[in-house]
Amino acid sequence: AQKVTQTQTSISVMEKTTVTMDCVYETQDSSYFLFWYKQTASGEIVFLIRQDSYKKENATVGHYSLNFQKPKSSIGLIITATQIEDSAVYFCAMREGTGGADRLTFGKGTQLIIQP
Amino acid sequence: DAGVTQTPRHEVAEKGQTIILKCEPVSGHNDLFWYRQTKIQGLELLSYFRSKSLMEDGGAFKDRFKAEMLNSSFSTLKIQPTEPKDSAVYLCASSRGLGANTGQLYFGEGSKLTVL
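Quick mapping for you: the protein sequence lines, in order, are chains B and X. Per my numbering, numbering of the first sequence is gapless, rising by one per residue and ending at 116. Per my numbering, numbering of the second sequence is gapless, rising by one per residue and ending at 116.
Only chain B is shown next, with the shape it has when bound in the complex (with noise of 0.2 angstroms):
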């Protein structure tokens, strides 16, 4: 069964600094695709980025980019010249195989907090 382990329940940092955060999964399957979502605080739930587990490429999309470490099942989140804005709880989440629904498994998340 798949799982998604964010560790990381509150991280804080100064506003225009760099952050990661850290994301963990298991798989059985050898073809998967790995997500980021923010939530803010008044609840939504926004789609960022993704990372296809057959590209070796890290996924950078604006001042979000990620670390894929396939050997690690890890995929952290970097956010670049963090904003006031950037303060939300990120989700990492996971989807199995090519084929059928986008059936997602989310972790647990990481509230970011950004100081001005």
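In case anyone wonders, no lab produced these hints; they're calculated from the structure. No residue lacks a Cβ here, since even glycine has one placed at the ideal position from N, Cα and C. You may find that some hints are simply not true.
To be verified - According to the in silico footprint, chain B covers these stretches of chain X (three or more CB under 8 angstroms from chain B):
1. 45 to 56
2. 89 to 95
3. 102 to 111
To be verified - Over the 12 angstroms line for every Cβ pair with chain B, so calculated as not near, a few chain X residues:
4. Asp63
5. Ser72
6. Phe74
7. Val115
Please arrange chain X on chain B, whose structure you already have, making use of the hints.
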């Protein structure tokens, strides 16, 4: 396009009552998911549909939780009878599905249920 719409946003129920939560997915999306979010358990998948067909009916949740998708643009989650431990935020999400393999879920704002 409108996003995922959930109603009601807040619901207070007495123990033993029946409650029905409603969801309208993004127009044209084929997959629909119901998640429950609590601080302790995080995001737990309750049920999901692919092109209106129920693909997963909630495992441990199936005895009192019943999700239905009456048409491609409307789904309900019935909890009967409610128990205090059901207090949580219930999130509906949709995705394009049908091989799009994006893993990009669009979430509604959630229905916060409090069972007294």
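Tell me, in ascending order, the numbers of any earlier hints that this structure violates. none
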